[in-house]
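Q: This is what each chain is made of:
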Amino acid sequence: MSSWVHLLSLDLAVVGLAALVMLLDALASLRGRTIGALVVAGLVGVLIASFQIDVTGTTPHGAYVSDAWVLFFKRIFLCAAILGVLGSIEWLDRHAPKRQAEYYALLLFSLVGMLLLPGARDWVLLVVAFELMGVPLYVLAAYAKNDTTPGEPKLAAEAALKLFVTGAASSAFTFFGLALLVGLSGSTSIAQGAQMSPLATVGLMLVIAGFGFKLGAVPFHFWVPDTYQGAPTPFVAFLSVAPKAGGLAALSVILMSTGWVGAKELWAPAIVVISIASMAVGNLFALPQTDARRLLGFSGIAQIGYVLIALAAATEQGLAMALFFIAAYVFTNLGLFLVVHAAAQDMGGHGIAEMSGLSRRSPWLGGALLVFLLSLAGIPFVIGFWAKLFVFLEAYRAGLVVPVIVGIVLAVVGLFYYLSVARQTFMAEGKSDEKIHAGAPLSAAIAVCLLAVVVLGLWPGPLVESANAAAAAFLGGR
Amino acid sequence: MNHWLSLIVAAPAVAAALLLVLKNEQKLAIRLVSLVGATVSLVGSLVVAAQYDRALGGFQMLESFPLVPSYGIHLKLAVDGWGVALLLLTGIIIVTGVLASWSVPKRDKEFFLLLLVLVAGVFGVFVAQDLFVFFLFYEIAVLPMYLLIGIWGASHDVKAAGPFKYVWKRFAVGGKEYAAMKLTLMLLVGSAAVLVGMLILWNGSGARTFDMQVLENATFSRTAQMWAFPLFWLGFGSLAGVFPFHTWSPDGHASAPTAVSMLHAGVLMKLGAFGVMRIGMVLVPDAAEVWAPLVGTVAVINVLYGAFCAASQTDLKYIVAYSSVSHMGVVMLGAATLTPNGWNGAVYQMVAHGIMTGLFFALVGLVYERAHTRAIAKMGGFAHPMPAVAAFFTLACLSSLGLPGTAGFVAEFLVFVGAAQSEHWWWTIPGVLGAFVTAVYVLRACKSIFWGPAPKGEYAHLQDAQRTEWAAPLVLGSALVLFGFWPRFLLDSIDGASATFLSRVVTVASAPDMETNK
Chain A
6 MSSWVHLLSL
16 DLAVVGLAAL
26 VMLLDALASL
36 RGRTIGALVV
46 AGLVGVLIAS
56 FQIDVTGTTP
66 HGAYVSDAWV
76 LFFKRIFLCA
86 AILGVLGSIE
96 WLDRHAPKRQ
106 AEYYALLLFS
116 LVGMLLLPGA
126 RDWVLLVVAF
136 ELMGVPLYVL
146 AAYAKNDTTP
156 GEPKLAAEAA
166 LKLFVTGAAS
176 SAFTFFGLAL
186 LVGLSGSTSI
196 AQGAQMSPLA
206 TVGLMLVIAG
216 FGFKLGAVPF
226 HFWVPDTYQG
236 APTPFVAFLS
246 VAPKAGGLAA
256 LSVILMSTGW
266 VGAKELWAPA
276 IVVISIASMA
286 VGNLFALPQT
296 DARRLLGFSG
306 IAQIGYVLIA
316 LAAATEQGLA
326 MALFFIAAYV
336 FTNLGLFLVV
346 HAAAQDMGGH
356 GIAEMSGLSR
366 RSPWLGGALL
376 VFLLSLAGIP
386 FVIGFWAKLF
396 VFLEAYRAGL
406 VVPVIVGIVL
416 AVVGLFYYLS
426 VARQTFMAEG
436 KSDEKIHAGA
446 PLSAAIAVCL
456 LAVVVLGLWP
466 GPLVESANAA
476 AAAFLGGR
Chain B
248 MNHWLSLIVA
258 APAVAAALLL
268 VLKNEQKLAI
278 RLVSLVGATV
288 SLVGSLVVAA
298 QYDRALGGFQ
308 MLESFPLVPS
318 YGIHLKLAVD
328 GWGVALLLLT
338 GIIIVTGVLA
348 SWSVPKRDKE
358 FFLLLLVLVA
368 GVFGVFVAQD
378 LFVFFLFYEI
388 AVLPMYLLIG
398 IWGASHDVKA
408 AGPFKYVWKR
418 FAVGGKEYAA
428 MKLTLMLLVG
438 SAAVLVGMLI
448 LWNGSGARTF
458 DMQVLENATF
468 SRTAQMWAFP
478 LFWLGFGSLA
488 GVFPFHTWSP
498 DGHASAPTAV
508 SMLHAGVLMK
518 LGAFGVMRIG
528 MVLVPDAAEV
538 WAPLVGTVAV
548 INVLYGAFCA
558 ASQTDLKYIV
568 AYSSVSHMGV
578 VMLGAATLTP
588 NGWNGAVYQM
598 VAHGIMTGLF
608 FALVGLVYER
618 AHTRAIAKMG
628 GFAHPMPAVA
638 AFFTLACLSS
648 LGLPGTAGFV
658 AEFLVFVGAA
668 QSEHWWWTIP
678 GVLGAFVTAV
688 YVLRACKSIF
698 WGPAPKGEYA
708 HLQDAQRTEW
718 AAPLVLGSAL
728 VLFGFWPRFL
738 LDSIDGASAT
748 FLSRVVTVAS
758 APDMETNK
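Quick mapping for you: the protein sequence lines, in order, are chains A and B.
Take 6 as the starting number for the first sequence in the working numbering and just add one per residue.
Take 248 as the starting number for the second sequence in the working numbering and just add one per residue.
Just so you know, the hints here were simulated from the structure itself, not pulled from any lab data.
Note that CB positions come from ideal geometry on N, CA and C, so glycine has one too.
Keep in mind that the hints are not guaranteed to be accurate.
Covered, in the sense of this in silico footprint (three residues per stretch, anywhere, with C-beta under 8 angstroms from a C-beta of chain A), are these stretches of chain B [claimed, not checked]:
no.	region
1	310-324
2	388-394
3	430-439
4	443-453
Now the stretches of chain A that chain B is said to cover, found in silico as 3 or more residues with beta-carbon under 8 angstroms [claimed, not checked]:
no.	region
5	54-67
6	383-395
7	411-419
8	453-466
Isolated chain B, as found in the complex (with noise of 0.2 angstroms):
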């Protein structure tokens, strides 16, 4: 029995706890000591992912211990094929993440701080294998970013709208205070959903635990099922950005400095779709299965709108935000078609789409932070003076849009082929359709940010990136190229779990008949 799982999980809540004795004026320290803990976990997360049995499958490195014996809650951690890709990401993106804040500007010791707790609670869903303690560490993950936007976030003119303006009235202070608000209040009734699904499942089980392992072998009354999925779908699927829950992304990605909007965009939204897959599709699947067409057309809505959205926005960050939203849609629409290669292009567009919206928010952090301004009306050829910050760029909306070569592309390829293979075969249309559209507004905002004319004026001395700049675009950037080139790496494990889980939800022959790119 060994404990890497606990390692990455305790690695940031220790380096956490060692930022409380130090000073807030210890500014090196404070981040070696963050760098460490961050560093930890990925190195744990590597050291999984080559320990991973992918012959074997299923539950591998079990770890336990009873929390609260009389309502069978225990401390279980175990990792599956999706959970090793998962861990990855996170780790890729917690290490950068931490560089990329390298700069922040005041109140550095709490800000990493919660950074750390945050990314604690993102590995613990992961591994997590008793609901109760997979909603713990849920919470964890969602709550600092409360303080992370309202703290260190960018203020900027947010339009308050529906029952959010009684919130805006209280604090009026600035855009990104309402921001954070409405994110988490937002995700909060996101929560108690999932903890009425919860209630339900522990009362429903008979059993009197919380062991996901025994909940998913218990078998649930069609009543009990059909209002449990739509709670976890719209719990989790707050999170995940789901039409119309969305409304909190944009505004909270926007406000959020750099690396929570990595974190943010990058991990946490996963969380959400891990959710609705994990939980909901698994342990209710006969629900799940009723369900399906209307969480695809759902699905399919957020591709739509998201990328109309996006397309319509002048703020680089809003465009981001909205693309996130579409293509979360990718992710869900992925999900909803119950097939291998669906579920196998979900898991994975989780990955790409976290590494490549991480590497977009590092990057529009950097211009930001030397431009000082997002519109994208005020920018242009900012390709002479930043040659490397744009080509990353690019790379990003490459693999935004889908080109094949980049993670990007793998992923969208197995939800549409997933989609036409599934009862819907028409939602392949509208996902199609997105990716078109997505095309159009990313290489319309990387052209009119970094290519044509030099600028002139205040913009013409803008620096490239600096020392620990570097980390994000060339990490990610990498890793994006790496999984569109070599998606087996993660495929391998990932299929494993999705055929394992799908042929609880749906009794079909689960020899996935796409062997792409592998």
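Next comes chain A alone, as it looks inside the complex (with noise of 0.2 angstroms):
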């Protein structure tokens, strides 16, 4: 037993975390920021123990492998958690100061789940990761159920009910899938496989429509802008790009296993469709959205277009360059909420027109903000712009020139909306001057943020590198 349990010991540090502060909130009754420092403080010593520590070797019967997959995944997730903690805890103090506990248990909790996901070869092991990643999430959105900026209406029940709904039907779908598949294969290892049949393709579109619905791909992606709008905003950054990432793990562990990338004829066609109309529909009906987290909400539905382009030329570059796409999303979009976030607190609103004048109010959230949106856009030098150009190289390699040249001409579209924001903040005249000062921990996030866009963007090379040797690793090992 104790041969395999230090392939988890991430994992279990994020639990114990979990436990420690629920002990803490009941026993020790901490008030203020303490929580949220201690939590910080734990992930960010768990971040840096990945780099340390060796967990990588397989389970017995093979059911979780953690190698340089697993590993890219885990700092990804717990890059998010870190910065979305940090975003969130001035939110917390201000809103729920005596409700801080549950939220970075459940936080936390999510997190695990996560951890789990991309090490699972396991169809039990795998439904039970991408639940426990689920559930805590239903419960967050609804976490300002009595707060909202004033003047704007209360959206967080609303926000909370159609996550949980929309994510218990595709739970259903994704169980309705797998007893079909699990059946026919005779096994719940998912490199297993099975004859594919008519019985097999409708599991495996319904899997695939399944975990669709938590990347927000059309046509799963209802929920995304009513979610994004009425729950907290600190948490909906930390929901629009880490569950995404769980989300791609997820399909990705499947598709690309040995027992599934043989039927590839089958699920690449689907997975293009699904991806072109993404693109599409995320990119136009961003178009009129007057609130800027609707308006991230299409936007990210787009972006999750492009990453399935790159899913869908099922190469052994095009997974990697998925990985990278998904890193430089997770700065990228976090920190665009994040500034979202801490301009709406003293502006008046998440409208578009409210943030008007932002970047004479706050140089540094204003260029903040539009380095991300340039960076989403895809424009050089910041770190989203390789994130498309070795998607689109990877799928034209492929051989999927129709994608590559709809996203290449839907991006276009994406950097009218984008600008369109920059315009708002950069050109109209604002209502006040008064500065706006974000708090420490947000600021930090959001610096942090920064700096990885930029400097990944300046010097794209080693993470490049570590997402090729990721998926060299996950198919090698297999």
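Grab the two chains, each in its own frame, and use the hints to assemble them into the complex.
A: Shown next as structure tokens:
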């Protein structure tokens, strides 16, 4: 037993941290920002440990594998959680001072689910991890139930309900599909695969649909804008990136496994269709949005479309560049949501119109916003550009010319609405010239994202290499 | 190994970074930092022009740093004969541009910051030897324009048309924002086409590299070439104002603040033409030969259409903007001839037109700041209160119509000789006709603004150029004359590069048989 427990040491450490947070809350009744600081410190410790200790190996019967692929994802999830917690500290302290520990504990439990996902090689473990990731998010989405920005409707209950109902439905799809697949293959091992038959096709499509919900890909995207608008913004910053990376991990673990990669003639076209639809719907529906969070919701749908092109390439490099893309997306989108959060606190709302004059009231927030927008739009010298480019390169090499051209054309449409936000913050006159003061933890989180986006944008080499290594490890060890 | 090239590219970027720590109130410091950054680049360009070994030719001063090794992307800089000329042009324009924007009215720090970032991108394009890095710098050069026009531009009546009506509805706040968005979107569609073209080359070479010298020696399948060339032509061409993708240019240039118009019409449009020649024609030579008749014919349309449009404008800035469309047609015409003279003329026209149009926009800006109008009907006799401005404006007009002794003449003459020597000799006729129409509209504009009886009323006490405002007219004006009388200074290096590149495109004896003006 002890021979494989160390594979899960990082995951167990996070479980321990979550338990500690709840215990401390019950026994020591900590107030203020202490718990948040503790959680951040703990997660940073785990992140550092992921570089220091060796956690590679395979459990008996191969249900769980830990390698460079898993570590790549774990580090992404940990970064997202650290930044998400940093961004939430002040908001929680101000708006829900007595319910802080639950928030962090739920977030950490969701994180544990994510950490387990990329290493799962067994349907049961995969689904359990996926549900563990998803269920706490429903609760967190409703966290601002009694509290909104003045002048904006209370949408938290709706946000949470939409997330929950679609999430539950997606689980139902997944389970039904799995029942078919496991029944056909006679094994719960993902690598086992199944003889392709109409029934297996139905099963596989149902599973893809189930995971597609969490990714927010079209046609499973309806919850995205509503949930983003209603849930607390610092939580949405986390929700908009980490579960998407989780969904990508789960989809890749299934589709690229030895059992199913042979059926890529079957699933690759389905992924291509989903990706084109996501890019089209996301980019076009973002155009008329007036609320920054809804706009980012649709933009997120579009971004997922770009990732899926790389996955549809079904090659090692394609997979690697999907990882690169999602890493870029994590830092960019998290940072962007946190800036919107910081601005909305002082500017009286999340509407794009409310953002006017941001660059004058806080040049650094305005500048950060611009950099993140440019990164999402795919403009050179920020990381998002490389992400889009590599995805297009690999998809093109795999012969997916149509989605690449559609993607490039829609990227220009994307530029239009990203710039329209930039225009509002830089060119429109604001209502006041009062300075905006984002608190230290929030500013730190934004600064880290900004640094990652710019530094990796100038020199993406190392991240590309580690994404390549991750994909190679996964495909080599599957 | 020396690092002049990275210095040239880095100096504006470093200056921009320095600006970040300054406060908006430190107006003089902001300007001085910008000026120093720009001047270092200009000095660097002069040193490069002096050190470049014309006898040896080819690529010199190579610097390389691996950026993304697994995709074969290297930050590889080197300069060739064209690069020498265009670096010098950019250096001259940015220094005079910074001086011409000394009186920028608001948010000084951001203005100079964006201007410097933009020019760093321009320098980068001219020395990049990696297709990918080329594209990176190209985008850097194109994008700051959105904010530069949108924030500091001048609003005026712009008629929204076509698909841009939607944009207009969303942004019906001022003409400048419409113009900025139109410009950005059109150029970005162009970039998207270029990106697809790059993917075709990257995939087609099979070498997993973006190194332009490797790609030059790779042989691409005919199908790949036939697809790639039009993508590069229209993609880069949209920035060069190729008809019918030129419509961003008049609105954009007319709305932009002075220094931005100078830089955009003076240098940025050249990036487009440079891209068509350096990437489109040199990397996919077979397709270039097939497509050349269309490229040349469209260029001829550009020349004539631009000239006639300019002739019918009443707004001074629109006249200059349409004249740019017309003159860029001359560049593309020279490129399409696929002859040594045509190519030398095309590159020389880039330099000549860059300096001339920079001078135009600087002077138009001066006039506008004082008279607060750009409608030529309201002006007249401005030579009395502002003689120096009038003199330099007239000089620019003369170069524009191709008067011998100015840089414009050398360029246009070479292009027309090239056209006559090409397989499509008839291109010469509309080309020369365009030059004639140019003479009509520039002289008419010049006459009705500056000459005639002295103005009365509000225009009676217009000031002539003051302090830093002298820089642009003096430097650009003398450059126009210098390059007009001593074309060899640049032509020697340009010719070396043209001959090398052209030998890849067509198998002709590359010895130029016209030794004009040397």
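Q: Confirm or reject each hint.
A: Hint by hint, here is what the structure shows:
Residue count for the region 310-324 of chain B with a Cβ under 8 angstroms from a Cβ of chain A: 6. That meets the three needed, and the coverage hint holds. Coverage of the region 388-394 of chain B by chain A holds [criterion: at least 3 residues with CB-CB distance below 8 angstroms; count 3]. Judged by the Cβ-Cβ criterion of 8 angstroms, the region 430-439 of chain B is covered by chain A as claimed, because 5 of its residues qualify and three suffice. Counting residues of the region 443-453 of chain B whose CB lies closer than 8 angstroms to any CB of chain A gives 4, which reaches the minimum of 3, so the coverage claim holds.
Note: the region 54-67 of chain A has 0 residues with beta-carbon separation from chain B under 8 angstroms; the three-residue rule is not met and the coverage is violated. Given as covered by chain B, the region 383-395 of chain A passes the check, having 7 residues with a CB less than 8 angstroms from a CB of that chain where 3 are the minimum. Figure legend: the region 411-419 of chain A, annotated as covered by chain B; annotation consistent (4 residues with Cβ-Cβ distances under 8 angstroms, at least 3 required). For a cut-off of 8 angstroms, the count of residues in the region 453-466 of chain A with a CB near a CB of chain B stands at 3, and the three-residue condition holds.
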